[in-house]
Amino acid sequence: MTWPPATSAFVPCCVRPAPDGTDNPAMSASTPPQTDLTPSGGSSPRPESLAALFWSFTGLALQGFGGVLAIVQRELVERRRWLTAEQFVEDWAVAQVLPGPNVVNLSLMLGDRFFGLRGALVAMAGILTFPLLLVLLLATLYASVQALPLAQGALRGMGAVAAGLITASGLKLWPALKQNVLGTLVIIGSIAITIVAIAWLRLPLAWVLLGLGGLTCAWAYRRLGRVTADRGAA
Amino acid sequence: MSIQLASADWWALFAQFLSLSLLAVGGAISTAPDMHRYLVTQQHWLSEAQFSSSIALAQAAPGPNVLFIALFGWQVGLNAASSSGLPIWASALLGVSLTMLGTLLPSTILTYSVARWGHRNRERRVVRAFKQGMAPLVIGILLATGVILATNQGISTDHWPLWLLAAVSALLVWCTRVHLLWLLGAGAVLGGLGWV
Chain S
0 MTWPPATSAF VPCCVRPAPD GTDNPAMSAS TPPQTDLTPS GGSSPRPESL AALFWSFTGL
60 ALQGFGGVLA IVQRELVERR RWLTAEQFVE DWAVAQVLPG PNVVNLSLML GDRFFGLRGA
120 LVAMAGILTF PLLLVLLLAT LYASVQALPL AQGALRGMGA VAAGLITASG LKLWPALKQN
180 VLGTLVIIGS IAITIVAIAW LRLPLAWVLL GLGGLTCAWA YRRLGRVTAD RGAA
Chain B
0 MSIQLASADW WALFAQFLSL SLLAVGGAIS TAPDMHRYLV TQQHWLSEAQ FSSSIALAQA
60 APGPNVLFIA LFGWQVGLNA ASSSGLPIWA SALLGVSLTM LGTLLPSTIL TYSVARWGHR
120 NRERRVVRAF KQGMAPLVIG ILLATGVILA TNQGISTDHW PLWLLAAVSA LLVWCTRVHL
180 LWLLGAGAVL GGLGWV
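Read top to bottom, the protein sequences are chains S and B. Using numbering that gives the first Met the number 0, you'd call the opening residue of the first sequence number 0 and step up by one each time. Using numbering that gives the first Met the number 0, you'd call the opening residue of the second sequence number 0 and step up by one each time.
No lab work stands behind these hints: they were computed from the structure. Possibly wrong hints are sitting among the right ones.
Unchecked claim - Looking from chain S toward chain B, a few residues come up when the C-beta cut is under 7 Å (computed): (1) G99; (2) A167; (3) V180; (4) T183; (5) I194; (6) L223.
As the list claims (entries may be wrong) - One-sided and incomplete, this derived list gives chain B residues near chain S with beta-carbon spacing under 8 Å: (7) L17; (8) P135; (9) G193.
What the hints assert, rightly or not - Pulled from the structure, derived: some chain B residues nowhere near chain S, Cβ distances all over 10 Å: (10) Q3; (11) S82; (12) P86; (13) Y111; (14) D157.
Where a beta carbon is used, it is the ideal one built from N, C-alpha and C, also for glycine.
This is chain S alone, in the form it adopts within the complex (with noise of 0.2 Å):
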């Protein structure tokens, strides 16, 4: 299965190939789950050295314009092989949901598992470090043209694409929603909720997270519980 080339978390929203039904390209390989999920077992690749690892993440950082992601993926699923589609689409998910950076989140996770603590704050370094040192050369340039009604423009203009990449790497999460429990309505209303609720009343975002995602993660518990016994009862 070829498809999709390159972004295979992510999927486009229009033509979205889905044979079986499933809503992830990558989960419905034939090939059955790896009990062993470390990278390290088996012959799977591995970055041979701490310096190694740093330096495929700072490649990884300075190549991925408006996020890091896709990037990811590519580089480190596709080309050096270092982590499955499976293993990739999992340890997304959790860096998805932890609090926290998401790529740096991934970044710690892959790199604690190569090589431990070390490996973790090696791999963090690598996706931050060089990038951080351009973001503020670049702020450091922007100022010294700030005053130009050019400069200002483009600056929006950028700004507002920034807006619409955002906006697109939520829909795009879409169709992770595909098998939740929770169900389409729940699903709808609490985003509805969520959206009205931080871009229109400017609630703090702990009161939504807390308030709100303690009633669909309690919701979810309990349809958890029934889709179990559900299926112990069949």
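Assemble the complex: chain S is given as a structure, and chain B must be docked to it using the hints.
What follows is chain B alone, placed relative to chain S:
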């Protein structure tokens, strides 16, 4: 823009980012609305333009989007430089260190320990309930952030070209594989020409 920051204010800045760190479910960008409320509306440490240009610059540069937080700290440090008695660069770097450390420290420690536990227990009902229960909120927060960024020039209908640009870029990213750099470049050109 010049502001006064006492040392208690620097601590408050650090504490604010520390407290937001564990709320950044779905990525650091999901705390942007809260940071906007604190830095711009409440404390007046950043101007509206500085806030949105920090996000736009971080999006335009390669690397994790979390670096917009470093730029907040950088900009607050620059704004406070005249009153802090520090050299400009030192004040700016202090801002970067406080915001980045505050943002990364709690989430890193939590992720490191929980990811290990969660990986071993990923079949457990409570782990799956958390993942599935939080999923729609993660999406809702991203969409809300898009709305806030698209409307931060004000919600007068004069800004319809900006909204149109944001909507078209969202559609293009969602439905095509166009390189993000082309879109950001197009946005810069349209803005530079004064069309949006």
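Was the hint right that T183/S lines chain B, CB cutoff 7 Å?
10 Å, violated
Hint check, A167/S versus chain B [nearest Cβ-Cβ separation less than 7 Å]
4 Å, holds
Per the CB criterion, is L223/S less than 7 Å away from chain B?
Hint on L223/S: holds, closest Cβ of chain B at ~5 Å, below 7 Å.
If we take the beta carbon of S82/B, is the closest beta carbon in chain S still more than 10 Å away?
18 Å, holds
Report holds or violated for the interface hint on V180/S, using the least CB-CB distance to chain B and a cut-off of 7 Å.
This interface hint holds because 6 Å falls under the 7 Å limit.
Hint validation: I194/S versus chain B, beta carbon distance must be below 7 Å. Holds or violated?
OK, holds: I194/S within 7 Å of chain B, min 5 Å.
Does the no-contact call for Q3/B survive, Cβ to all of chain S over 10 Å?
21 Å, holds
Classify the hint on P135/B as holds or violated, based on whether any CB of chain S lies nearer than 8 Å to its CB.
4 Å, holds
Return the status of the interface hint for G99/S: holds when the least beta-carbon distance to chain B is below 7 Å, violated otherwise.
3 Å, holds
Nearest-CB test (10 Å) between chain S and D157/B
Non-interface label on D157/B holds, nearest chain S Cβ at 13 Å vs cutoff 10 Å.
Chain S contact restraint on L17/B - CB to CB distance below 8 Å
Violated. Min distance 12 Å.
Non-interface claim for P86/B, where every Cβ of chain S lies beyond 10 Å:
Per Cβ check, P86/B is outside 10 Å of chain S; nearest 15 Å; holds.
In terms of the numbered hints stated before, the structure departs from hints 4, 7 and 13, listed from lowest to highest.
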